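Enquirer: Since the structure of chain W is provided, determine the placement of chain F on it from the hints.
As they're listed, the protein sequences go chains W and F. Residues in the first sequence are numbered from 1 upward in steps of one, following UniProt numbering. Residues in the second sequence are numbered from 1 upward in steps of one, following UniProt numbering.
Hints are computed from structural coordinates only; laboratory data are not their basis. Just to be clear, a hint being listed does not mean it is correct.
Identical copies go unnamed one by one, so any copy, or any two together, can satisfy a pair.
Said to hold, decoys possible - Calculated lysine-lysine pairs in the DSBU-like style (CA-CA distance at most 35 Å, straight line):
| no. | residue 1 | residue 2 |
| --- | --- | --- |
| 1 | K368 | K439 |
| 2 | K153 | K178 |
| 3 | K134 | K439 |
| 4 | K333 | K134 |
| 5 | K466 | K252 |
| 6 | K49 | K279 |
| 7 | K387 | K252 |
| 8 | K368 | K294 |
| 9 | K410 | K275 |
| 10 | K439 | K252 |
| 11 | K252 | K45 |
| 12 | K294 | K134 |
| 13 | K252 | K66 |
If you're wondering where the values come from, they're calculated on a predicted model, not measured in any experiment.
Protein chains: 2
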Amino acid sequence: MHWLIKTLTRVSKSTTNKSKIDTLLFSRHFTSVAAAETAELGPTKTGEKPRVVVLGSGWAGCRLMKDIDTSIYDVVCVSPRNHMVFTPLLASTCVGTLEFRSVAEHIGRIQPAISTEPGSYLFLANCTALDTQKHQVHCQTVSDGLAKLDPRKFRISYDKLIIASGAEASTFGINGVKEHAIFLREVHDAQEIRRKLLLNLMMSDVPGVSDEEKRRLLHCVVVGGGPTGVEFSGELSDFITRDVHQRYSHVKDYIHVTLIEANEILSSFDDRLRKYATKQLTKSGVRLVRGIVKDVQPQNIVLTDGTTVPYGLLVWSTGVGPSPFVQALDIPKAPGGRIGVDEWLRVPSVPDVFSIGDCCGYLESTGKPTLPALAQVAERQGLYLAKVLNMMGKAGGGYANAAGEMELGKPFVYKHLGSMATVGRYKALVDLRQSKEGKGLSLAGFVSWFIWRSAYFSRLVSWRNKLYVAVNWATTGAFGRDISRL
Amino acid sequence: MHWLIKTLTRVSKSTTNKSKIDTLLFSRHFTSVAAAETAELGPTKTGEKPRVVVLGSGWAGCRLMKDIDTSIYDVVCVSPRNHMVFTPLLASTCVGTLEFRSVAEHIGRIQPAISTEPGSYLFLANCTALDTQKHQVHCQTVSDGLAKLDPRKFRISYDKLIIASGAEASTFGINGVKEHAIFLREVHDAQEIRRKLLLNLMMSDVPGVSDEEKRRLLHCVVVGGGPTGVEFSGELSDFITRDVHQRYSHVKDYIHVTLIEANEILSSFDDRLRKYATKQLTKSGVRLVRGIVKDVQPQNIVLTDGTTVPYGLLVWSTGVGPSPFVQALDIPKAPGGRIGVDEWLRVPSVPDVFSIGDCCGYLESTGKPTLPALAQVAERQGLYLAKVLNMMGKAGGGYANAAGEMELGKPFVYKHLGSMATVGRYKALVDLRQSKEGKGLSLAGFVSWFIWRSAYFSRLVSWRNKLYVAVNWATTGAFGRDISRL
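Just chain W, same shape as in the assembly:
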């Protein structure tokens, strides 16, 4: 026998020395305490870099982390997920056109410092409260459904705090939405949609299921006619035409997609593009219904006109509103309940606090309108604020209360670059006008679809994901979508 029969007693002895070293290594940042309630990452000391704490890992927070100068700052990110979601391509993952991992980017790939620098961290946690007096945030680790974890509480001191925690899907207080509908904002939402769609396709084929029940199970209802709702409907109808007809031929005639919108679909787009989208969706079999949802029951939704719509899958994408965390913050708000910021994206009532992305809005005193909850707004704000912070840090204003009345340069100005949306295979809309009333190029059709793919493809952060998106697109084209239900 060549391998030693080691006992774990010996093993644990051998690690005692290492543990001393580890304690030395880590004591610089972590107050070593037995009671977890007092756990904290304390204020930065002389000789340490100032600490930027970023709440959230969406477009705003990740762009800021990408561009922040880590030779000036330590970066600490607090987020319930360890990746950024490339949201414009999320709808494609629900039916398997793209894979989930192709649209998720680990934050460590966006800002490597969080996994390599001794003073930078990524904590899988939610922020529960702000103590702006003490320059601290209170956090709690995520409790995973599977692992039955007890959440841990801890505090982080910040020199600069960036609230980029995003918004939450609006339900308009409609009963049953949270319980029965699926939103389309995170990778786990897309996973749930894919699992449920494939389950319903299989369940409708089981002996004893009535025709009426088959039709209900396979009725996919999308509420909300914005870009997400439209793109998802388009993907779904393409999935039905190309994959369901071939691979679920027993039940193919029972599956239908209905898109319910209270007003017009794609209301921010050019009139001509809207008409094109409407025509394309209808042509590909999507029923467009104008209506307002009143109540959501486990198998039916009820519209305000009294119509009952049976469904098997219900996807809800009617826009976003402030999250409970933002609602609970005791700081002046912008119209719509967002965190109020000035033209430099500062929260003016408290020092060293900034807010970017869907969770912030201009204070009424700025006289500026609220910006739309779009990826491009969030990303531009992250980029702008990273520059401001870098400038501030270089000028010695990086530490808590050190910036004082420092001049921040030009305020943030948003220039809309245009909007895009796909409406199924080889069809998309590109609206390059700067505002709804403005003039400019607007395109629909194959060229737009090509622009849509190229534009998002070029924006994907890592080469790894670029490669996977390309391979996904190629295999979906060549072999069809994968319908394994994992």
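Expert: Same frame as chain W, but now just chain F:
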């Protein structure tokens, strides 16, 4: 406005005619009944093809379905999953060397008839009972955790029944194994391991976690030194060396892998190869511990010698035993509790019933030893039985009770082609001896690793998965593994 404001009332009117057509189309096979309890796929009628019902979608069942002649038979598969798992590569998915979808193959890709032929089906269900008198199986649909489904019961009449439902991970009746350990048999097991491993890596980095707790959270314990346990340990140690050190540098010194085995690791392999594996594993940091587990608690396992081993992740792979379904079957068993079969893989006590794969074993009357629970045994049995059934069908014996005393040709003979296992990056074992005592080639090292990769690569069923496995291997090599926690 270009799009019509349709009401769903109109829509449902327009589908009434279609529903009549559907009823006609489907009435051939489904007894249209209101009460689901009496739902069934009734006996095949004159003019219909005989129906082969396959329970399970593992190596045995899928190989049989692949090779069965669908011009002779209709195929109905009953399985709780809609895909086959390429088990030899499953361990690689736990740490992200390969992606989950790369090792899962939809059954419709293996046998397209199940999704296209009107008399062939795939039911996402478990078989609950056999009625061999009536030539029927009783089934119940899977109830998905997410969807809160009421399971549906239905019955399927068979002309030929193939029980290929596999075996279950053995726990040896040890307390706490099912509750706290993760097996490594299905894609969802691998997903759970990956999520838990990444969660533990992040949780150990949170302020206030003591060194002892860090060490526990990051202690990965594998119980069982067979090929699966060894390969998983090897993958894990490679993940630690290549990815954890780089991407989780704060906690990299706390992570360890321990492999616990009661006897020798890789006991079926050549002595020289075992020594090589032991050396390689030890070199890559895997602690090999000889011990027997007595009790599994939420954070500790207790060995029979009294040692307590704290763990953060516990993977259990100590072989398989008969499933509760097989145990409950009222038919003569083979040694070890498997379904007893004769040399033609028939269950001799009942007509038209066969069994293949891990759930079957030779009856003592055959005088043959039980075959090992290996993919190659199962696959060869599936291939053999498909040929027998095709031959039987051509000779007019495909229908229930029609085969009578038909001559089945040569009995099934198993010839072992050899065993393979990887022990980390660029290292593998290949043992081409036909039995433990036999003579033959045995290799260890890079060439073996190359053979290992090539052999499994060439066996992957679809081109799609071949491409994805190749791309996964390439990107893991070039960019490292993906550590997004989805």
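Enquirer: Up to 35 Å between alpha-carbons, please classify K439 paired with K252: within, between, both or neither.
Expert: neither (44 Å within a copy, 56 Å between copies)
Enquirer: When Cα atoms must be at most 35 Å apart, do K49 and K279 count as within-copy, between-copy, both, or neither?
Expert: Cα proximity of K49 and K279: none, with 57 Å in one copy and 44 Å across.
Enquirer: With identical chains, the pair K333 and K134 could be close in the same copy or across copies; at 35 Å between alpha carbons, which is it: within, between, both, or neither?
Expert: Answer is within; shortest intra-copy Cα gap is 21 Å, inter-copy 72 Å.
Enquirer: Are the CA atoms of K252 and K45 at most 35 Å apart within a copy, between copies, both, or neither?
Expert: Between copies, since 25 Å is at most 35 Å while 66 Å is not.
Enquirer: At most 35 Å between C-alpha atoms: does K252 with K66 qualify within a copy, between copies, both, or neither?
Expert: between (46 Å within a copy, 24 Å between copies)
Enquirer: State whether the alpha carbon distance between K368 and K439 is at most 35 Å within one copy, between copies, both, or neither.
Expert: within (22 Å within a copy, 83 Å between copies)
Enquirer: Tell me, please, which holds for K134 and K439 at an alpha-carbon limit of 35 Å: within, between, both or neither?
Expert: For K134 and K439, neither the intra-copy (50 Å) nor the inter-copy (75 Å) Cα distance is at most 35 Å.
Enquirer: Which holds for K410 with K275 at a C-alpha limit of 35 Å: within a copy, between copies, both or neither?
Expert: The answer is neither: 40 Å in one copy and 69 Å across copies each exceed 35 Å.
Enquirer: 35 Å Cα cut-off: does K466 pair with K252 within a copy, between copies, both or neither?
Expert: both (33 Å within a copy, 29 Å between copies)
Enquirer: Given a CA cutoff of 35 Å, do K294 and K134 count as a within-copy pair, a between-copy pair, both, or neither?
Expert: Neither, since 45 Å and 50 Å both go past 35 Å.
Enquirer: Reference check for the pair K387 and K252, CA-CA at most 35 Å: within, between, both, or neither?
Expert: between (54 Å within a copy, 33 Å between copies)
Enquirer: Give the relationship of K368 and K294 under a CA distance limit of 35 Å: within one copy only, between copies only, both, or neither.
Expert: within (34 Å within a copy, 68 Å between copies)
Hints 3, 6, 9, 10 and 12, counting from the list given before, are not met by this structure.
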